[in-house]
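Enquirer: Listed here are the chains, written in short residue letters.
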Amino acid sequence: MSADGPLLRLEAVKKYFAIRNAWKRQVGWLRALDDVSLDVARGEILGIVGESGCGKSTLGKTVMGIHAPTAGRIVFEGNDITHLKPYAARGLRRQLQYTYQDPGASLDPRWKIRRSLMEPLVIHTDLGRRERHARVREILDAVNLPESHLDLYPHEISGGQQRRVGLARILTLQPSLVMLDEPTSGLDVSVQATILNLFLDLKRRFDLTYVFISHDLSVVRMICDRVAVMYLGKVVELGETEAVFSSPRHPYTRSLLAAIPTIGEGRVTEDFWLEGEPPDPGNLPSGCRFRTRCHFAREACAGAVPPLVENRPNHADACLFSDEVVRDNA
Amino acid sequence: MSEARRDLLLDVRGLEIGFATEAGLARVLDGVNFRIARGEIAGLVGESGCGKTTLARAILGILPMNAARIRAGEIIFDGEDLLEKDPRTLEAELRGRRVTFVPQDPFSSFNPVFTIGAQIDELMKWKSPDAEPGTGLRHYGRARRRADRARVRELLGTVQLPDIDGILRKYPHEVSGGQRQRLMIAMALLPEPQLIIADEPTTALDVTIQAQILQLLRRLATDRGVSVLFTTHDLGTAYEICDHITVMYAGQEVETAPSDEFFARPRHPYTRSLLASLPSRDRGIHGIPGQIPGLVDPPGGCRFHPRCKNATAICAETRPGISDFGTGHTARCYHPVGHDREAAR
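Sequences listed follow chains A and B, in order.
Offset between the first sequence (1-based) and the numbering used here: plus 805.
Offset between the second sequence (1-based) and the numbering used here: plus 25.
It should be emphasised that the hints constitute simulated quantities derived from the structure, not laboratory data.
Any given hint could turn out to be false.
So, partial list: chain B residues that the calculated Cβ filter (under 8 angstroms) puts toward chain A [to be verified]:
hint, residue
1, Ser73
2, Ser134
3, Asn136
4, Pro137
5, Val138
6, Ser298
7, His311
Even glycine gets a Cβ: it sits at the ideal position worked out from N, Cα and C.
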């Protein structure tokens, strides 16, 4: 366990799903993750953004060991966790936690909140009953839920509160890395704001590192230190949040940013230019996957797949003509 | 804008709707006023449970009649009160003809076992602008069918669907979410309506697809002079597309203004808090303390008062009347935020 290296490192991770026809014969590969390399530093919030089908949730689930990677290496705290035996993986779960998109669905509807919160402690620790209660109470306080909620069922509390319970459930084990998969989807803005503040507060309090998977760029901009933009299984841009948002180097990032409704700025109904929809992930174009929708595309884009290159310090992109994109931004 | 506002297409006045629930009568709409001028995109913005969908459904006349109780008010559409009309007349002349609907989730609005083409044909049998109200199949002659088909093709081209013949032969699950929503918009336009009710039409879509759909809706509404009632929970989306915005909170409308005026000078404390809770790098994150009240036993007076910083004793007693700030900007608040302060940016 080295203290200085990255907390989590992905090295050329691939996850391919077989596409099968009606007779279960494999007819192709769906490349959900293709050569994804990322470092997550201790104490940072790394945002993973992209639209549906870009592989961001697959990324989270592959790190968690829910999907076994097709190729590549995943290193957590200096240990290779790519292919762990179930017993060893259980020990790891305490350190590495995942919150699901829909907190309502990940709580057992027949269990009271108390039992849901106790379960991880029963599985992972040998704390006595009284100590477990003390721990649960402490966490409940940290996520601002009243103790009376312990005796309620999941359907009796609101979406924001379910989300708090989901967080509390993870924090009882004191993990070091939490993967948040779309943690604010389905929440009203006023509730979303309090939940985001809670994330930041808990991070300070428990020394957490977050991987924040989201399609909502304005939220990512708010709270992430660095951001990775994904398109059809590839990381197309990676850098510090402000740099990526203020001068995007990949045309896809640029159109994503242009699509966010921003009050007080130009309206997308007047000047949005990205046409078409992402191609079928089972039948990708050669070379750069974005080239079919890209304004800057040339013949060169159809050749080799452009690699993710650090063209600026701490700011990498996978576009052959990124300097042109930056010039065009101005 | 105020010129256009005088030419009203829809005028909802003092609408009060309750739902019978096990816990008692939930007062979902509490004296709501809402207007749409001809050719305008009017936004109805609010958080979940504020009653925006109930209002949209009341206009369409598709509230669940076993539970919904319309207690007061009128819905005046093109000069006639819809609540007074015979349900059969509504079905034959109004719904799906003069008023159409674009749902939030286009997938569940298609029948999964028929091709898209078959479903559009079915729609045209009954709701084509050439069809006599209430006749349907009996007079579906060859000439009309041909005219309808041509109309469908033309419109699918306008909503920028590639390979129209291919799409008409496909089943709903074979096209993407963005394409399904384009199809829904096309189907809403086919009967040549006066009003399209779009209930959170972009919530299920990715941002880039959302931008395309908003662009499309804006262009079609302007070209064809159709009014749109656009409900959304996202003020950003409302900013992008709406000419006029009404904010609702817990079954009461709190503020109405032309879009530019609305974002430049929000008056109601709830509107301000809602704007402040949008994520923004330079402002930090501000939630609204407290929770949306239950509707069975809502707070008296202004329903926002328990969460409002400006609230005084009067706020809990009677609901504030409409204060007019000029240029079509109204708010229902005893303590509106002053004229001098600029918008919460």
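Enquirer: Does each hint hold? Answer for all of them.
Expert: A quick look at each hint next to the structure:
The criterion of a C-beta within 8 angstroms of any C-beta in chain A is met by Ser73 of chain B, whose closest approach is roughly 6 angstroms, and the hint holds. Interface hint at Ser134 of chain B: violated, since its Cβ lies 19 angstroms from the closest Cβ of chain A, which is beyond the 8 angstroms cut-off. At a threshold of 8 angstroms, the smallest CB-CB gap from Asn136 of chain B to chain A is about 23 angstroms, leaving the interface hint violated. Using the Cβ-Cβ criterion of 8 angstroms, the hint placing Pro137 of chain B at the interface with chain A is not satisfied: the shortest such distance is roughly 18 angstroms.
Here the hint on Val138 of chain B is broken, as its CB sits about 18 angstroms from the closest CB of chain A, past 8 angstroms. About 7 angstroms separates the beta-carbon of Ser298 of chain B from the nearest beta-carbon of chain A, less than 8 angstroms, and the hint is met. With a cut of 8 angstroms, the hint placing His311 of chain B at the interface with chain A holds, because the nearest CB-to-CB distance is about 6 angstroms.
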